[in-house]
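Asks: Sequence:
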Amino acid sequence: MTLATSKHYNTHMGMICLHNAAIYTGIAVIENGSVLIKDGIIEDVVTNERLAKIPLPSDLQVVEMDGGIIAPGFIDTHVHGSGGFDTAHGEEEDFLGMSRCLVSFGVTSFCPTLYPQKEEQMLASIRAGVASMGKERGARIQGLHLEGPFISCKQLGVQRPETIKDVDIDFMKEMYKASRGSLSLMTVAPELKSMRDIIHYCVAKGIVLSAGHSDATYENMMEGVQAGIMHCTHMFNAMRKMHHRDPGLVGAILIHDELSCELIADGVHVHPALVKMLMRDKQDMKIILVTDALAPTGLKSDQPMYANGEEVYLGEDKIFHRKKDDVIAGSSLTLDQAVRNMIKWGARPASALRMAAGNPATLLHKNLETGYLIPSLRADIVTFDKDMRVTRTYVDGELKYEAL
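Be aware that the sequence shown starts at 3, since it is given in the numbering used here, and climbs by one per residue.
Treat the hints loosely; a few may be bogus.
Here are the simulated lysine-lysine pairs, DSSO-like style, with alpha carbons at most 30 Å apart [stated by the list, open to error]:
| id | residue 1 | residue 2 |
| --- | --- | --- |
| 1 | K346 | K302 |
| 2 | K120 | K137 |
| 3 | K195 | K207 |
| 4 | K120 | K40 |
| 5 | K278 | K137 |
| 6 | K243 | K278 |
| 7 | K326 | K120 |
| 8 | K156 | K325 |
| 9 | K207 | K175 |
| 10 | K346 | K326 |
| 11 | K243 | K325 |
| 12 | K243 | K284 |
| 13 | K302 | K326 |
| 14 | K167 | K156 |
| 15 | K207 | K156 |
| 16 | K179 | K137 |
| 17 | K325 | K302 |
| 18 | K156 | K284 |
| 19 | K302 | K284 |
| 20 | K195 | K167 |
| 21 | K302 | K195 |
| 22 | K167 | K243 |
| 23 | K243 | K137 |
| 24 | K179 | K120 |
| 25 | K40 | K388 |
| 26 | K243 | K320 |
| 27 | K120 | K207 |
| 28 | K120 | K175 |
| 29 | K156 | K195 |
| 30 | K346 | K278 |
| 31 | K325 | K167 |
| 32 | K156 | K278 |
| 33 | K284 | K207 |
| 34 | K278 | K320 |
| 35 | K137 | K207 |
| 36 | K326 | K156 |
| 37 | K40 | K195 |
| 38 | K346 | K284 |
These aren't lab readings, by the way, just hints derived from the structure by calculation. Source: prediction; values computed, not measured.
With these hints in hand, go ahead and build the complete structure from the sequences.
Replies: Here it is, written out as structure tokens:
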């Protein structure tokens with residue numbers, strides 16, 4: 003069967019066929035296949051041999067992949083900004099600007115991540131994030147990630163101490179009310195007094211709890227696990243280190259197979275040798291690639307840069323540092339580069355792609371809608387050339403980005 007192809011196609015009408023590619027479904031790899039999309043949904047994923055035997059509509063629109071790669075769209079569960087847009091501003095345009103920027107890196111959905119802020123400012127940022135949902139013109143806002151405010155002053159990283167709070171269940175309820183049920187993920191320090199109250203409340207509301215910015219001992223973390231904390235924020239960073247008399251939070255994550263973890267795979271936040279150790283000791287389905295990217299990500303480094311209200315600069319190490327004291331402020335990583343890095347450090351392409359798509363989808367959803375290329379799921383798709391460079395990004399079957 004010969005398929006007529008066109009570079010000019012309408013994603014709102016008819017069926018689309020992404021033809022002739024290696025397909026990483028998140029479960030299996032099809033070496034030579036095609037993905038059929040209809041009405042924003044994955045209609046089918048087939049081998050080219052099978053495609054030649056099934057009836058197809060006469061108005062089928064074919065996108066020739068020329069042996070490239072098709073994978074589920076990426077989900078970034080920890081990202082503070084991109085392209086100059088910053089969640090800390092508390093403005094809808096920042097959330098929507100991030101949405102437009104992130105699709106160029108293969109991201110089809112994301113959790114805008116809020117820094118700890120003064121109470122009214124934090125509530126305003128939450129409300130702005132919620133108000134942005136449904137208005138996106140790029141990546142979909144999957145839900146909000148609160149990185150605090152119930153974290154440890156002993157493991158602040160770049161967080162400002164005046165914004166950190168003792169556990170306050172009433173304020174937790176205020177934040178949830180402001181979110182209208184759209185809090186997906188929250189970073190907490192398990193060792194804080196009365197943290198169990200927060201854990202029970204969040205688990206009941208379906209909020210995923212992640213241990214981070216924490217000085218938790220191994221015992222503290224295991225108490226948190228028993229209450230419902232099953233994940234950790236930026237593994238190895240801003241947490242108590244492993245010691246031979248106290249495995250700490252790091253040890254707890256490594257020891258217990260059921261626990262999952264974020265990983266900033268830029269080669270600086272975590273040394274590549276430790277990344278290799280993590281891949282050896284954790285199932286690849288329990289590692290979730292994140293960027294922790296800041297607002298200046300993607301901007302030229304010769305202009306003033308700000309993140310969370312403070313001036314930062316991009317160091318020779320390609321990460322952002324707070325200008326006033328050189329403290330690491332966050333990452334300039336993009337999720338497509340994280341995937342390429344993981345492959346360079348020894349991960350199988352299927353595993354690296356799953357860490358950026360299927361794994362975060364599984365973390366966030368009881369009923370999966372995306373993260374895998376399976377019929378009936380959303381057509382959130384990223385395509386690559388043979389060098390793993392993003393060529394196209396589709397959100398709900400609509401083309402949102404195409405490389406020039």
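Asks: Against each hint, give a clear statement of whether it holds in the structure.
Replies: How the hints compare with the structure:
1. K346 x K302: 26 Å, holds
2. K120 x K137: Holds, because 27 Å separates the two Cα atoms, which is no more than 30 Å.
3. K195 x K207: Holds - the C-alpha atoms of K207 and K195 are around 21 Å apart, at most 30 Å.
4. K120 x K40: Violated, because 45 Å separates the two Cα atoms, which is more than 30 Å.
5. K278 x K137: 40 Å, violated
6. K243 x K278: With a Cα-Cα distance of about 18 Å, the restraint between K243 and K278 holds, given a limit of 30 Å.
7. K326 x K120: Cα-Cα ~21 Å, so holds.
8. K156 x K325: Holds, at about 21 Å.
9. K207 x K175: Since the Cα atoms of K207 and K175 sit roughly 10 Å apart, the hinted pair holds (cutoff 30 Å).
10. K346 x K326: 34 Å, violated
11. K243 x K325: Answer holds: K243 to K325 is near 26 Å, not above 30 Å.
12. K243 x K284: This hinted pair holds, its Cα atoms lying about 17 Å apart.
13. K302 x K326: 20 Å, holds
14. K167 x K156: 13 Å, holds
15. K207 x K156: 28 Å, holds
16. K179 x K137: 21 Å, holds
17. K325 x K302: Satisfied, since the Cα-Cα distance of roughly 16 Å is no more than 30 Å.
18. K156 x K284: This hinted pair holds, its Cα atoms lying about 27 Å apart.
19. K302 x K284: 37 Å, violated
20. K195 x K167: With Cα atoms ~11 Å apart, K195 and K167 stay inside 30 Å; holds.
21. K302 x K195: Status violated; Cα separation ~43 Å.
22. K167 x K243: Holds, at about 23 Å.
23. K243 x K137: 42 Å, violated
24. K179 x K120: Distance of about 17 Å is within 30 Å: holds.
25. K40 x K388: Holds, at about 26 Å.
26. K243 x K320: Given pair K243, K320 holds - Cα atoms ~24 Å apart, limit 30 Å.
27. K120 x K207: Answer holds: K120 to K207 is near 23 Å, not above 30 Å.
28. K120 x K175: Status holds; Cα separation ~16 Å.
29. K156 x K195: Between K156 and K195 the Cα gap is close to 14 Å, so the pair holds against 30 Å.
30. K346 x K278: Judged against 30 Å, a Cα distance of about 11 Å means the pair holds.
31. K325 x K167: 25 Å, holds
32. K156 x K278: 28 Å, holds
33. K284 x K207: 28 Å, holds
34. K278 x K320: 21 Å, holds
35. K137 x K207: Holds. K137 to K207 sits at ~24 Å (cutoff 30 Å).
36. K326 x K156: Holds, because 20 Å separates the two Cα atoms, which is no more than 30 Å.
37. K40 x K195: 51 Å, violated
38. K346 x K284: The given pair, whose Cα atoms are some 18 Å apart, holds under the 30 Å limit.
The structure does not agree with the numbered hints 4, 5, 10, 19, 21, 23 and 37 stated previously, though it agrees with the rest.
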